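Visitor: This is what each chain is made of:
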Amino acid sequence: MLEIDDLACLRGDRLLFRHLALSVQAGELWRITGANGVGKTSLLRLLCGLATPDSGEVRWQGKAIRREREDFHAALLYLGHAAALNDLLTPVENLRFACAVAGDEASTADCTAALSRIGLARQLDLPAKVLSQGQRRRVGLARLFLATQRPLWILDEPFTALDVAAVAELAQVIAQHASAGGMVIFTSHQDADFGAPVRTLDIGKFGGAFNA
Amino acid sequence: MNAFIAVLRRDLLLAWRSRADLLVALSFFVIVTSLFPFGVGADPNQLHAIGPGVVWVAALLATLLALPRMFSQDFDSGVLEQLVLSPEPPVFWVLAKILAHWLTTGAPLVVIAPLLGMMYGLKTDEIGVLIATLALGTPVLSLIGAIGAALTLGLRGAGSLLALLVLPLFVPVLVFGAGAVDAYAGGMGIRPHMLLMGGGLLAALALAPLACAAALRLAQE
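If you read the protein sequences in the order shown, they are chains A and B.
Take the first sequence: its position 145, counting from 1, is numbered 144 in numbering that gives the first Met the number 0, and each next residue is one higher.
Take the second sequence: its position 117, counting from 1, is numbered 116 in numbering that gives the first Met the number 0, and each next residue is one higher.
Calculated directly from the structure, the hints in this document are not laboratory data.
A quick note: this is a predicted structure, and the numbers were derived from the prediction, not measured.
Among the hints, erroneous ones may be present.
Derived, one-sided and incomplete: chain B residues facing chain A with beta-carbon distance under 7 Å [claimed, not checked]:
1) N1
2) R16
3) Q81
4) L82
5) G156
6) Q219
Cβ coordinates follow ideal geometry from the N, Cα and C atoms, glycine included.
Just need the whole structure built from these sequences, with the hints factored in.
Guide: Here it is, written out as structure tokens:
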């Protein structure tokens with residue numbers, strides 16, 4: 000269970016949000032909404048522990064993530080705005096490296112299978128620099144198939160640059176993870192059919208005095 | 000340890016795929032060292048006297064040239080984010096990055112230094128001392144430089160700021176490194192110099208990865 004209460008975030012001297020509270024249970028799908036610049040990515044980075052909140056704290060299974068960092072990060076999969084690829088490595092090399100760093104053992108065969116499943120079977124040996132925006136995004140998303148044992152997925156705009164069929168498929172993968180007892184928190188400006196209830200959190204409601 | 004091995008292997012592979020970049024630092028080292036005889040004249044005694052110092056200063060500048068690359072690419076591409084989110088202690092993968100950096104920039108300098116020593120008329124045993132000091136000193140440069148590279152990540156004009164930040168910290172390494180060769184040529188023992196440099200290396204090895212990991216965390220905020 001992931002809990003936050005009374006979270007506040009400042010960017011420079013501008014208050015993005017405050018008094019933000021949220022509790023995510025196993026099996027829940029949460030979508031963070033709000034206009035551009037309202038602080039969606041900032042919130043996700045706070046939830047991951049990449050940034051420190053200006054007030055409040057984030058708790059994973061009842062313990063503050065600052066104190067139990069290693070347990071929390073072993074349970075978390077975060078895919079950010081950038082696809083986290085190196086241009087000189089092939090998709091397989093990039094994916095294997097990402098898994099190894101995160102502590103997931105994934106063989107080359109596992110990575111090849113995951114990449115084929117996400118539609119990159121013909122790009123396995125190409126350096127990432129020749130891939131299109133959508134293909135790069137897919138390499139990053141292939142980690143979802145190799146991280147099903149991680150309960151908490153935090154995805155920042157996972158649907159960006161994907162085609163319609165890929166969006167529908169990805170929505171299925173996300174819904175499956177939730178129905179298997181996982182938790183997914185994501186942001187998206189695109190609608191997708193998850194076939195499961197999606198809870199939403201509108202950051203705009205927690206806006207600081209400046210955007211109120 | 001998984002992260003250590005994964006990062007080391009990847010960084011060495013990347014260095015191999017972009018090997019032209021590595022040649023830049025190495026050629027810079029050779030060219031800077033070769034410039035001095037043109038500037039100060041070709042008197043063999045004078046060249047012999049300034050040789051160790053010139054090689055050391057050039058090695059220091061060549062290391063500095065390669066420093067900004069250490070983390071910037073991973074910072075821009077989001078790989079650093081994933082490294083920070085690794086459940087393993089950050090010290091391991093930070094150390095792997097520094098080791099990969101030294102193997103691809105510091106170690107080649109050590110290998111090529113004998114040629115430059117000959118150019119300055121250093122005797123064989125003096126060249127041996129020069130190599131030993133470079134082998135002990137260049138890892139310290141990479142370790143200290145890594146802190147600077149992490150602190151200046153994402154800043155405008157990071158390269159020049161990095162130079163201002165780390166060059167003063169390189170001074171002790173330079174003093175003892177070049178000093179050891181001079182002391183040897185003057186007939187004195189080099190033991191104190193080598194012990195001090197070895198101690199410096201151990202201290203940097205223990206402390207720099209911690210400081211570097213903290214700086215990389217801050218860069219994510």
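Visitor: Does each hint hold? Answer for all of them.
Guide: These are the hints, each one checked on the structure:
1. A hinted interface residue such as B/N1 counts as satisfied when its beta carbon comes closer than 7 Å to some beta carbon of chain A; here the least separation is about 6 Å, so the hint holds.
2. With 7 Å as the threshold, the beta carbon of B/R16 comes within range of chain A, its nearest partner Cβ sitting at about 5 Å, so the hint holds.
3. Contact between B/Q81 and chain A, as hinted, is supported at the beta carbon level, the nearest pair being about 5 Å apart and thus within 7 Å.
4. Hint status for B/L82 relative to chain A: holds, with the closest Cβ pair at about 6 Å, below 7 Å.
5. Interface hint status for B/G156: violated, as the beta-carbon distance to the closest one in chain A is roughly 20 Å, over 7 Å.
6. Checking B/Q219 against chain A by beta carbon gives a least distance of about 5 Å; that is within 7 Å, so the hint holds.
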